[in-house]
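Protein sequence lines, in the order shown, are assigned to chains A and B.
For the record, in the first sequence the residue sitting at position 75 is 74 according to numbering that gives the first Met the number 0, with numbers rising by one throughout.
For the record, in the second sequence the residue sitting at position 20 is 19 according to numbering that gives the first Met the number 0, with numbers rising by one throughout.
If you're looking for bench data, these hints aren't it; they were derived computationally from the structure.
We put the beta carbon where it would ideally sit given N, CA and C, even for glycine.
Any given hint could be a false lead.
Cut-off 27 Å, straight-line C-alpha distance, at most; resulting in silico cross-link-like pairs (DSS-like, lysine-lysine) [to be verified]:
#, chain 1, residue 1, chain 2, residue 2
1, A, K65, B, K1
2, B, K46, B, K1
3, B, K36, B, K23
4, A, K65, A, K1
5, A, K65, A, K141
6, A, K141, B, K5
7, B, K23, A, K65
8, B, K23, B, K5
9, B, K46, A, K141
10, B, K34, B, K5
11, A, K1, B, K23
12, A, K1, B, K5
13, B, K34, A, K1
14, B, K36, A, K141
15, B, K46, B, K23
16, B, K34, A, K65
17, B, K36, B, K1
18, B, K34, B, K1
19, B, K36, B, K46
20, B, K23, B, K1
21, B, K46, B, K34
22, B, K1, A, K1
23, B, K5, B, K36
24, B, K1, A, K141
25, B, K46, B, K5
26, B, K36, A, K65
Computed list of chain B residues with no C-beta within reach of chain A, every gap over 10 Å [claimed, not checked]:
#, residue
27, M0
28, M10
29, R11
30, R26
31, A31
32, E42
33, V53
34, I58
35, L60
36, E62
Footprint (simulated), chain A over chain B, 3 or more residues, beta carbon under 8 Å [what the hints assert, rightly or not]:
#, stretch
37, 14-25
38, 43-49
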Amino acid sequence: MKQNTFYLLAGITGLVEVGLFWLSVDLHNPLIITAGFIMGVGLLYVARLMITDVAEDERSRLITQKAGFRTLEVFWVIFFAVSLGTAVIGFSTPLGIPRPRGFPREFPRDQPYLGYFGILQMVLLCCIAFLYIAFRVYYARKYGEWDTDEE
Amino acid sequence: MKNRIKVYRAMRDLTQEALAQELKVTRQTILAIEKGKYDPSLELAFKIARFFGVSIEDIFLYE
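Use the sequences and the hints to build the structure in full.
Structure (structure tokens):
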């Protein structure tokens, strides 16, 4: 499989995922998008293994590993911090702990607030994707990905 | 770490692309090694040395 074919497949998969998401919303069934997303990502992982026109060697693998590791180092701190903050909101009212200043007066119990946390998680994941790209560019430059030929 | 890959490559009149194909790596990797931006793994260092028929110390100089 050529890399451009893979990108095309990724785009189609993305569109299908969007459709599954709204179908889930319409049917009030979160399992559809959850299972669909896992299957979509699994499909792309398998398809990526079948790409034949992109050469990968130890240097490119090192770049990917370093970028992934640095992203994870930042990601878990931010994600844990946000989760802790959300836990404070969750625990503050029922346990009678005084709410910190600046927090919303009413915890939105009559609304699907877990869904709001899911949106916050997706925003964080999008930011992490950009962070990974930034690290990837940094390490690619460091290890001479775009250096010009001296021959 | 310095290396003399460019010298050995010139002695054999090899392009970076040709050497990369022999070693099953990308041309950018050969370029990065020559410029000192990337230190190869021990396995690749042995492959390079064996390809040129010399010892690793002849090609790679640890500073």
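Evaluated hints:
| no. | hint | in the structure |
| --- | --- | --- |
| 1 | A:K65 / B:K1 | 23 Å, holds |
| 2 | B:K46 / B:K1 | 17 Å, holds |
| 3 | B:K36 / B:K23 | 19 Å, holds |
| 4 | A:K65 / A:K1 | 26 Å, holds |
| 5 | A:K65 / A:K141 | 11 Å, holds |
| 6 | A:K141 / B:K5 | 20 Å, holds |
| 7 | B:K23 / A:K65 | 22 Å, holds |
| 8 | B:K23 / B:K5 | 17 Å, holds |
| 9 | B:K46 / A:K141 | 24 Å, holds |
| 10 | B:K34 / B:K5 | 9 Å, holds |
| 11 | A:K1 / B:K23 | 19 Å, holds |
| 12 | A:K1 / B:K5 | 33 Å, violated |
| 13 | B:K34 / A:K1 | 31 Å, violated |
| 14 | B:K36 / A:K141 | 7 Å, holds |
| 15 | B:K46 / B:K23 | 10 Å, holds |
| 16 | B:K34 / A:K65 | 20 Å, holds |
| 17 | B:K36 / B:K1 | 10 Å, holds |
| 18 | B:K34 / B:K1 | 9 Å, holds |
| 19 | B:K36 / B:K46 | 19 Å, holds |
| 20 | B:K23 / B:K1 | 22 Å, holds |
| 21 | B:K46 / B:K34 | 18 Å, holds |
| 22 | B:K1 / A:K1 | 37 Å, violated |
| 23 | B:K5 / B:K36 | 14 Å, holds |
| 24 | B:K1 / A:K141 | 17 Å, holds |
| 25 | B:K46 / B:K5 | 15 Å, holds |
| 26 | B:K36 / A:K65 | 15 Å, holds |
| 27 | M0 | 14 Å, holds |
| 28 | M10 | 15 Å, holds |
| 29 | R11 | 14 Å, holds |
| 30 | R26 | 8 Å, violated |
| 31 | A31 | 3 Å, violated |
| 32 | E42 | 8 Å, violated |
| 33 | V53 | 21 Å, holds |
| 34 | I58 | 17 Å, holds |
| 35 | L60 | 19 Å, holds |
| 36 | E62 | 19 Å, holds |
| 37 | 14-25 | holds (count 5) |
| 38 | 43-49 | violated (count 1) |
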